[in-house]
Amino acid sequence: MQSKPLTLKILDIASVLALAIATYLALIYAPEEAMMGQVQRVFYFHIGTAWTGLLGFLFAAGLGITYLVKQDIKWDIAEVAAVEISAVFFFITIVLGSIWARPIWNTWWTWDPRLTTAAITELIYVAYFMLREGIEDPDRRARFGAVYTLIGGLSAPITFLSIRLFRTIHPVVIGSGDPNATGTFAMTPRMEVAFFFGLFAFTVIFIDLFWNRIRMGQLAAKVEQMKLNLMH
Amino acid sequence: MFPLDAPPDTSAYMIAGYTVFFIVAAIYIVSLLIRWHNLHQDMTTLEAIEKENKLKEEKLLKVEKSKTTKKSGAKKSKAVKKK
Amino acid sequence: MTTAINHQPPRPSFLKATFAVTWKDLTAEFRSHELFSAMLVFSLLVILIFNFALELDITTRQSVTAGVLWVTFAFAGTLGLNRSMAVEKDRGCLDGLLLAPVDRSAIYFGKAISNLVFMLIVEVIVLPVYSFLYNVNLFNPGLFLVILLGSIGYIAVGTLLASMAIQARTRDVLLPILLFPVAVPVLIAAVKASEGFLAGSDFSTIYAPFSLLIGYDVIFIAVAYMVFDYVVAE
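Chains as they are written, first to last, in our numbering: chain U, 25 to 256; chain B, 133 to 215; chain G, 2 to 235.
Accuracy of the hints is not assured; some may be wrong.
Lysine to any residue pairs mimicking SDA-like chemistry, simulated, CA-CA at most 25 Å apart [unchecked claim]:
no., chain 1, residue 1, chain 2, residue 2
1, B, Lys186, U, Lys33
2, U, Lys98, B, Val156
3, U, Lys33, U, Pro55
4, G, Lys25, G, Gly143
5, U, Lys251, G, Gln168
6, U, Lys33, B, Thr176
Since the hints were derived computationally from the structure, they do not count as laboratory data.
Using the sequences provided together with the hints, build the complete structure.
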């Protein structure tokens with residue numbers, strides 16, 4: 025395995041720096057929000073991971089289609105990397121969303137469209153990995169993975185739309201505020217800085233993890249190939 | 133209607149949130165490192181096995197070759213003798 | 002000089018191939034009743050369990066009927082899908098079908114239609130039974146249409162995913178895990194539209210979930226048609 029390219033090493037450092045700055049901006053630089061207090065600060069990381077996770081998910085679907093068309097395993101390696109990292113990001117999104125909801129709406133879970141779709145999407149990711157786990161042939165695994173990311177990538181936005189349009193699920197809330205509110209608040213300029221930098225930082229982190237994960241996937245593919253060869 | 137006073141103290145939740153974030157991030161990074169390490173070890177082991185196999189093959193080939201050369205050598209000398 | 006005689010039989014048309022697959026499934030099932038009885042009994046048991054699990058008094062029943070029905074259909078549908086595809090794999094029919102000189106997607110449509118027929122038959126029986134047990138009038142053309150459209154969407158995606166699931170080690174367990182998250186829009190829209198029709202609401206309120214259902218069906222049938230080849234390729 026070739027040693028890590030310099031660009032990637034630089035990107036690693038840049039990611040750590042970006043995360044550090046984003047943390048500082050979120051925890052110290054941004055002012056305290058008037059209605060919700062300090063817990064609102066989780067919002068910066070909640071949205072950062074949500075956006076990048078979502079884009080990663082759609083990106084994975086695109087990679088899947090490319091694999092089906094081009095039949096080159098490198099697209100599959102990239103797809104697995106994208107799904108895995110998006111899954112971690114979305115998990116963070118869900119947990120932070122839940123922690124944010126608790127003091128504000130007195131409930132660990134609000135069935136609002138974003139959070140619910142994130143949870144369902146997370147289940148799609150889990151299903152994706154369970155599907156791949158159950159298949160031994162690498163080529164078939166890649167094909168099935170691609171098909172499922174495509175199906176999942178199409179259905180998740182439709183899920184979001186349908187929950188938003190129909191609001192059928194009513195949260196049980198004992199406490200203040202409208203349970204269906206998505207926690208909107210007006211952002212002051214300093215908050216906006218934290219917010220946008222958060223988005224930027226998580227994008228950089230995503231790309232860094234993605235590249236690293238691809239390299240690992242390439243190594244894994246080599247190892248698997250060697251194992252198969254030696255068995256004959 | 134209460135007067136607009138200080139926001140509620142929700143800092144405990146904020147700390148919980150960020151703690152969870154960093155723990156999850158750490159777990160993921162560590163898992164990546166462990167998996168990378170294991171793959172690397174697998175790779176070196178597999179490469180060693182491959183090398184061994186190659187050496188064995190080469191030895192077998194050499195033995196085969198020397199057998200055939202001995203045979204043809206013997207045949208040649210017989211032919212020469214006959215002549 | 003003799004001209005070569007083409008001994009190849011003419012390629013069956015797409016429609017013919019599709020209906021051949023469907024007919025095979027339907028006649029096989031007609032003889033053995035395995036799949037169908039299992040689905041039916043299962044559905045009735047699910048409805049029974051709901052009765053104990055939810056303590057449905059008269060007022061709650063009205064609001065909960067659509068949901069209970071669709072949960073029942075979803076579970077029964079999964080059962081049917083699993084069995085239908087597993088039978089193909091176990092008896093080696095799938096390989097046989099794949100050798101046939103037909104467009105692969107004809108196999109998909111054939112299977113999907115037969116799966117749909119099974120699901121619809123079960124639903125047709127469950128509806129009067131539910132009506133009878135809970136004293137709710139379910140004879141509602143709008144409801145029937147929603148059930149048809151919802152089943153189509155569910156089976157369209159389900160057949161594709163079942164074809165993948167049976168090729169994996171974890172087989173039976175895998176299908177619901179793959180299917181449910183992806184079928185959520187169907188369930189949401191179908192339940193909402195069913196509720197609307199049962200409550201006799203004005204169509205303008207039902208229009209949105211109804212069109213979502215149709216949209217979902219169209220999109221996923223198209224996608225399944227395009228991708229099925231990759232799922233059964235050797």
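Check: Regarding the pair Lys33(U) and Thr176(B), is the alpha-carbon distance no greater than 25 Å?
Finding: 24 Å, holds
Margin query: Check whether the Cα positions of Lys186(B) and Lys33(U) lie no farther apart than 25 Å.
Written below: Violated, at about 36 Å.
Check: CA of Lys251(U) to CA of Gln168(G), is that 25 Å or under?
Finding: Since the Cα atoms of Lys251(U) and Gln168(G) sit roughly 22 Å apart, the hinted pair holds (cutoff 25 Å).
Margin query: Holds or violated: Lys25(G) and Gly143(G), Cα atoms, limit 25 Å.
Written below: 32 Å, violated
Next item on the list: For the pair supplied as a hint, Lys98(U) and Val156(B), confirm whether the alpha-carbon distance does not exceed 25 Å.
Entry: 28 Å, violated
Checklist line | Straight-line alpha-carbon gap Lys33(U) to Pro55(U), limit 25 Å | finding: Violated - the C-alpha atoms of Pro55(U) and Lys33(U) are around 34 Å apart, more than 25 Å.
Hint check: violations occur at hints 1, 2, 3, 4; the rest are consistent with the structure.
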